[in-house]
Amino acid sequence: MQWANILHLGVKELRSLSRDPIMLFLIVYAFTFAIYTAATAMPETLNRAPIAIVDEDRSPLSQRIIDAFRPPYFAAPMLITQKEMDSRMDEGLNTFVLDIPPDFQRDVLAGRAPAIQLNIDATQMTQALNGTGYVQTIVNDEVRAFIQRYKDVQRVPVNLTVRSRFNAELNKSWFGAIVEVIDNITMLSIILTGAALIREREHATVEHLLVMPITPFEIMTSKVWAMGLVVLAASAFSLAVIVQGVLSVPVQGSIPLFLVGAALHLFAMTSMGIFLATIARSMPQFGLLLMLVLLPLQMLSGGMTPRESMPEFVQYLMLAAPNTHFVMLAQSILFRGAGLSVVWPQFVSLVLIGSALFGIALARFRRTITLMT
Amino acid sequence: MTDGVAAQNNATPASQTVVRLRGVSLRYGDKHALLDIGLDIPSGQMVGLIGPDGVGKSSLLALISGARRLQSGELDVLGSDMTNAEQRRAVCPRIAYMPQGLGKNLYPTLSVYENIDFFGRLFGHDASERKRRIAELTKATGLAPFADRPAGKLSGGMKQKLGLCCALIHDPDLLILDEPTTGVDPLSRKQFWELIDTIRADHPGMSVLIATAYMGEAARFDWLVAMDKGQVLATETPEGLLSYTGADSLEAAFIRLLPEEERKDYRPVEIPPRAADEDGEVAIEAQGLTMRFGDFTAVDHTSFRIRRGEIFGFLGSNGCGKTTTMKMLTGLLPPSEGRAWLFGKEVDPHDIETRRRVGYMSQSFSLYSELTVRQNLVLHARLFKVPTDDIPARVDEMVERFDLSEQIDMLPGKLPLGIRQRLSLAVAMIHKPEMLILDEPTSGVDPGARDKFWRMLVELSRNDGVTIFISSHFMNEAQRCDRISLMHAGKVLATDTPAALVKQRDAATLEDAFIAYLEDATASSPAPAETAQEAEESIIASPGPGTPVSDRFRWLRRFFNPRRMFSYARREALELRRDPIRLTLALLGSAMLMFVMGYGITMDVEGLTFAVLDRDRTTTSRDYALGISGSRYFDEKPPLSSYAEMDERMRSGDISLAIEIPPGFARNLARGREVSIGAWVDGSMPSRAETIQGYVQAMHAHWLQVRARESGQAAALQGLASVEIRYRYNPNVESLTAMVPAVIPILLMMIPAILATLSIVREKELGSITNFYVTPTTRIEFLLGKQLPYVALSTLSFLLLTGLAVTIFGVALKGSFFALFAGAVLYVTSATAIGLLISTFMKSQIAALFGTAILTMLPAVSFSGLTDPVTSLQGMGRIVGEIYPTTYFLAIARGTFSKALGFSDLSASFIPLVVSIPVLLGLATLFLSKQER
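Sequence lines, in order, name chains A and B. Counting from 1, position 289 in the first sequence corresponds to residue 289 in our numbering; the numbering is continuous, with no gaps. Counting from 1, position 442 in the second sequence corresponds to residue 1442 in our numbering; the numbering is continuous, with no gaps.
There may be inaccurate statements among the hints.
[As the list claims (entries may be wrong)] Which residues of chain B face chain A? A few of them, derived with a C-beta cut under 8 Å, are: (1) L1417; (2) G1607; (3) V1681.
[Stated by the list, open to error] Quick list of in silico lysine-lysine cross-link-like pairs, DSSO-like style, CA-CA up to 30 Å: (4) B:K1229 with B:K1345; (5) B:K1637 with B:K1104; (6) A:K83 with B:K1814; (7) B:K1345 with B:K1432; (8) B:K1764 with B:K1229; (9) B:K1637 with A:K172.
Calculated directly from the structure, the hints in this document are not laboratory data. All residues carry an ideal CB built from backbone N, CA and C; glycine is no exception.
With the hints as extra help, turn the sequences into a complete structure.
Have a look at this one:
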């Protein structure tokens, strides 16, 4: 093994990349605009939810409730009849339909605690889950405010004070920005190394390398370090300038520690990129393969949705993926300010998975490299 | 000719000109390919276009065949104006075009029979007619025994014969062949020309237009057009050209036609005889080298011995095993059998030392096109361990020797082929190897540059004593070698000096000698002989009766002929069946992604971890904690003892919720004093935090109610009014029930669109799109034909996904299956039409892949009502959502799966889907180009 060869070949990779406008654009885009958009486009909890109201009471109180549903959380309510309700919900025109019964105001004033019926289209999961609480709160507040003009209201004896740690206002753009950084690190590490190998194959330069006094290990290692370095530098830049600077997301923990973790993750993912490139015979095939690999890695790693919500076998299966550990350590360090004493198990896992992937990829690379020409 | 177009043009053969060009120019970007060409090509003759590579021959032929769009000038072919789409469509069934490149317009995974059959169907022959014609053509070309072999597995010569079969199936009046014999062995080449002669004998009126880079072949043509740099140098008969220039060969004649400053490069290569040391050191020795790939033997027991300083040539056709032999010698491929030695040391792929003594130049140009000439040289010098201090001097030396000083800081990709070959040689020589292995170094290089290259080789051999092992399919290059081996089908037929070989066979030229050896070899081999005799039996010229088409439909059939459409559909389906990667993506891929998305995009959270910081430690406080740990949402972890511990454990992700119960909680509660419980939620994942907050609040309220009831204070807690919640369609508010019906539309948009886009862009990239350009296929036939197999495949994929949803995910299909099915068929038709539309703008497969993924995914996921209903959207998103088909199929999927609806309830969603199909197809037809631009 010759370190000088690995160095020279790696420099060659960097030079090649610097002349590939499409890849450069992809890197710049992924670590700047994509992160900015992901952070700012994270939808607010509830946005203009389409609500309709069947007002059978037609009292000042029912009008007061109707008026309380306003943008941005709710679209201005449609007033419909009970007959229209079913067909409108079937067509998916309204996620919420509130049915205010006859004599509602009278019953409230009489202390009979009447019930308002709230119909929710539960196929619209997001709005159904987030909006229901809002509707309840709005109705209760309006009724209470209305009735306070007439009599005293009793208070609840036990309070619950809910506080959020690490992100007190549950600002989604913080989360969106960091998740995008993590996802793009994964995506680019596979694409860059895979494309670097396939480019050699398509330009028949692999053959050229093989007749030179260099070993497959040197060829592969040079690609791993060069492409890993590019992604690492781009993500460091992105964290410092875009995430902390432009988006002013407060990063809790140590960025150097995170970058060490990212380097381990890159070691694993670039190896996987090489592995995929040995399976695909051309860029289009590589692209198809990428879709089948990248999407599961990103969606099931716990970055987008909590791991707890996945079936157990998926959770166990995903422990074999480097992503899962990287997402854990990234969230611990960046969101919760965890130190090495907390995240060392993830570091160890990444080293193990990375070494295994590198070994498998190298074995396959050695076996297939002569057939690549 | 089915379409009755022949009648109106019957007058043409009488006229003397088959192709007429006036002021034709063609430019690619700012580069002129053709410059103001004026030419009249006589009909009924065999006309040759001669000139080196890259002078515009192929561009000219593509224009004449109608494959490429005319940019400026006038072009009449068979009396029809090629700028007029109507006339072009009428005349194109009478033209046959075989583009350059071995088998470029063939479909490699289709068999010989299927390839010809496809063209037969395109031209509307019925089953018996096709059978008859295919039988005749394959018999005449000697392909009959290989009818079931995939085109991709044929030898170069056979591919060209198959291309000819495909071109001849419709009895053209003008046959256009672009370099049909390049890279084909001399025997096949000879047979090919004999075949053409036979065909011409049977079709006396047929004009043949052929481009060739082999000047030797030009002598057999009736009339020649000599071209250089996009211009016509001369038009003459071969004899006329010779007498006009006073040259003794056509190659020499051509050179004399060139302008003065170009001609200076052309001077004969002189090869000083080698000092006769017959017993000099052996540089390369091979004994019984054999390479098998599966049951195919690429190299069959090859043995030879090359002495130091010798120029040794391997002569043979494409695919005869030259490259494989060279790869075995360099250690790139381990031989299946046999041994080889370099400098007396056995070849060992792991022997790094020997590699330093060898320079290798592979067939294709294989340097880093992203590195400059200098960077390439320096990199290779470093990798070959040239001492660092020597590198600049060595690079300068190479630059000077190979005349690269002007290009030193340029990128190789921008250089002409001849200079690139010199650069490759410089790179191969940078470490001063004792041996050079050169695999077809001069293919595609024009004669002048080729001679310059050879002069360098001669110098290396004679002055520096470098052993040179070179392969070629040019006879005149073989002549320059000290010794050559003639190779065919993996075997060495003979090895000797060129002169001796000619003498042994009593032949006039080396080519004749080679043909003689080849004939011996093929005659002795048991494989069915591809001899020309079989071609003697005439190819029956009688044009088939065609299928009668009633007059009423004739007009319509010209624009839409279902048979041509099905012909494309059938072929696409056959190809798809033989492409495992695309097929896997279509079926397995969508099933896999459904699992991923079903589990990945989920809203309900269970098994959340929490711990209690209980500072009260009474039964009441424990009761409160029990209320949380008893729910299915939370799992309790060991209790906390301090804030510090809480912080630490939340930081590590051990707990996502901490409940703090203050001291004196029970006592204060009993006394009716106000108490406050603290809940700390991990906010690092905001959506999860919100869910947790909701759960905790609900449980808190529940606990209060239970307590109030127990202590008889129910009235105090009762609200003023209650909201009674009815979750409809999905009473348990389960993510899977909601997500699975929504995932199906997304997958059925993305994957069918990608497949449809790729199906067209693939043809653009591989070149078989030419068949669409030059046959009477209309755009809509082509598009629909391409689309049909993917609609069928996607429908299958839909059934698979629905099956999975019902069985594995357990999501009940409450409404009408038929409504869902009908919606799905309409939807995948619409999705594939989107793919077709996108494909008209895409040139490379990789761009098509990612472009389509992004263009279809974004509107499907964000604007079609997956998370927020379209009615909640504003601005652009709203507009896109209103017109995007996913919106409507999503409504149908949710309606049938969750809402128990049928056709009548969903009619509002069907109409937009039905409308989208003709609109999308219409746009795709509009943007699809019938000619290459």
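A quick look at each hint next to the structure:
At a threshold of 8 Å, the smallest CB-CB gap from L1417 of chain B to chain A is about 15 Å, leaving the interface hint violated. Against a cut-off of 8 Å between C-beta atoms, the interface hint on G1607 of chain B holds, since the closest Cβ of chain A lies about 5 Å away. Taken as an interface hint, V1681 of chain B checks out: its beta carbon lies about 5 Å from the nearest beta carbon of chain A, inside 8 Å. Of the pairs offered as hints, the one joining K1229 of chain B and K1345 of chain B is violated, with about 49 Å between alpha carbons and a cut-off of 30 Å exceeded.
Under the criterion of a C-alpha separation no larger than 30 Å, the hint pairing K1637 of chain B with K1104 of chain B is inconsistent with the structure, at around 67 Å. Among the hinted pairs, K83 of chain A with K1814 of chain B is consistent with the structure: their alpha-carbon atoms are about 22 Å apart, no more than 30 Å. Restraint check for K1345 of chain B and K1432 of chain B: satisfied, since their Cα atoms lie roughly 19 Å apart, inside the 30 Å limit. For the given pair, K1764 of chain B sits about 26 Å from K1229 of chain B by alpha-carbon distance, which is consistent with the 30 Å threshold.
Proximity of K1637 of chain B to K172 of chain A is assessed by CA-CA distance (about 27 Å); at most 30 Å being required, the pair is judged to hold.
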